[in-house]
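Chemist: If you're matching them up, the sequences are chains A and B in order. Here the first sequence is numbered in the working numbering, starting from 19 and rising by one per residue. Here the second sequence is numbered in the working numbering, starting from 19 and rising by one per residue.
Keep in mind the hints are simulated off the structure, nothing from the lab. Please read these numbers as outputs of a predicted model, since none were measured by experiment. Treat the hints loosely; a few may be bogus.
When chains are identical, the list treats them as one kind, so a pair holds in a single copy or across two.
[To be verified] DSBU-like cross-link-like pairs, simulated, lysine-lysine; straight-line CA separation at most 30 Å:
1. Lys60 to Lys157
2. Lys147 to Lys157
3. Lys157 to Lys275
4. Lys157 to Lys29
5. Lys311 to Lys275
Protein chains: 2
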Amino acid sequence: MIDEELTKRAKMVSEAIDELLPVVHPGGLYEASRHLVDAGGKRLRPSMLLMAAEAVGGDPSALAPAAVSIELVHNFTLIHDDIMDNAALRRGRPSVHTLWGTSGAILAGDTLYSKAFQILGITPSEPSKLLASMDVLSKTCTAICEGQWLDIEFEDRSRVSEAEYMEMIEKKTGVLYGASASMGAILAGASNEVADALDLFGRLTGMGFQIQDDVLDLTAPENVLGKRRGGDIMEGKKTLIMIHAMDHGVAVEAFGKKDATPQEIEKALSALEKSGSIEYARNRAVELVENGKRALDILPQTPIKALLLGLADYMVRRKY
Amino acid sequence: MIDEELTKRAKMVSEAIDELLPVVHPGGLYEASRHLVDAGGKRLRPSMLLMAAEAVGGDPSALAPAAVSIELVHNFTLIHDDIMDNAALRRGRPSVHTLWGTSGAILAGDTLYSKAFQILGITPSEPSKLLASMDVLSKTCTAICEGQWLDIEFEDRSRVSEAEYMEMIEKKTGVLYGASASMGAILAGASNEVADALDLFGRLTGMGFQIQDDVLDLTAPENVLGKRRGGDIMEGKKTLIMIHAMDHGVAVEAFGKKDATPQEIEKALSALEKSGSIEYARNRAVELVENGKRALDILPQTPIKALLLGLADYMVRRKY
């Protein structure tokens, strides 16, 4: 059921993007800006915004611009991250900087950034609620930058603690899910208490999502992943899996080896399965999602609340 | 007089930046974000915002956050532009990407971007006026991306028309001055008609400023410029000077020659002076500023209006 409901909302968001982010002059800039956005993705964040609005009794159909703004911020961060990570592929397509160069990708990301604020501003809502949403969105963007900075900084360090990793993924991934859920609530007229609960729901489930992402980077088939498997290992990313492995003295030869062969990645996968590092990460992801779900105790039992709980489960159950 | 008045406002803006953009965790990110901001600059844009607010009868002292937001957007664009232009120096200091790498500079710029919206949002003003300002700022950021995209695109073209160049500098430089003046007016409670007139004032004088910048890139001493002279020539930038020269069949051997010697730049300068290309650009800059000043006819004759007119003159009179 959750798949169907997500597909429905993803379609609505994609249609709204077509309308709100047309390819205008200069065409190259807008094509570069749309490239990744049009490559799809599951639109989980805007769907969470729309479901949160509905769960607090609002009309989600009015909030398409706000949902689009969240999706554009997400895509902006991916475009800039891919430059930093030198990632050639994303969603099975060449990344934006691969096609338009570093300059083109910086500008495509910057354009999505400003368009996100511009489009959020046209959401039909009261000025004070719009301002509160913009405050959430701008603080979220700052936190995402902090998270990405930490992620890069961690690459140059020999060890990273689990607490440091948790801070990093909260900022890099958690806060945007938190913003999605809380902005949906705020724009639909929820109280601060309810908006805060939805922020916590999004934040914790978003952290679970990120850990699951790290797990999938290592375990999902490449045709499903849309990029090379084990990229995080080769990049020397200190994921929760690697932190657990290092804490337990597990040798992973492919770690930080940018030209690791598929065989070496397989070997790393075996070692990390044997040490329980992958299972440990999976369990932590499930735990975060369960804690996130508990934040929704504040909401009445409705079908749409059940849907939000289903979305939370989906975030760690998903296979891609 | 204008110098004194600018110094006073620049000081106020710098103090507000210190307060509103503290170096917090993760320190490296905020140091990178502050590096260029702290290198000074004349703070012309935030000063224009403060003067515009005063010229329409507002209290500029309340608008420090809005002024800071404009300065942060300006610095964000410089940091990202320097990556794209591969510029090693800015304001006599190593550019941000020279010190923190491309990734660090992308993130420093992105951080200033979100901080600009966050800080604009705390300006004490009515919600509807704040929303109108945010709309101006986000549209302005989009236009700046379009202008920078055109600027880069022009490098790969054999010819660019004067009209195309004018569109490019309007977007790359004019609109942010337009936003400065109109946001000052909007936040101070001016009518739409007055805000539009101030937008035009800022936009046209900003375009004059950009042409003067192109002139100074070629004519100012390097110790004043804070970077190598003739950088635009070496980069193959199609400035108004070069467009005039090409239209008149002037040969500039150093054009697009990234390793041009100082002697070759001197030779280019002589050729461009002889052809009247530099004078042509200077005259167009003065003309734009005069047109911009006429937009202020809508305002009553006050000392602060005289100051705005003085700022307009300063933008093309300045020697650095």
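Chemist: Against this structure, judge whether each hint is valid.
Modeler: Evaluated hints:
1. Lys60 to Lys157: both (24 Å within a copy, 28 Å between copies)
2. Lys147 to Lys157: both (15 Å within a copy, 20 Å between copies)
3. Lys157 to Lys275: neither (35 Å within a copy, 43 Å between copies)
4. Lys157 to Lys29: Intra 28 Å, inter 26 Å, cutoff 30 Å: intra and inter.
5. Lys311 to Lys275: The answer is neither: 38 Å in one copy and 61 Å across copies each exceed 30 Å.
Comparing the model with each earlier hint shows violations of hints 3, 5; every other hint is respected.
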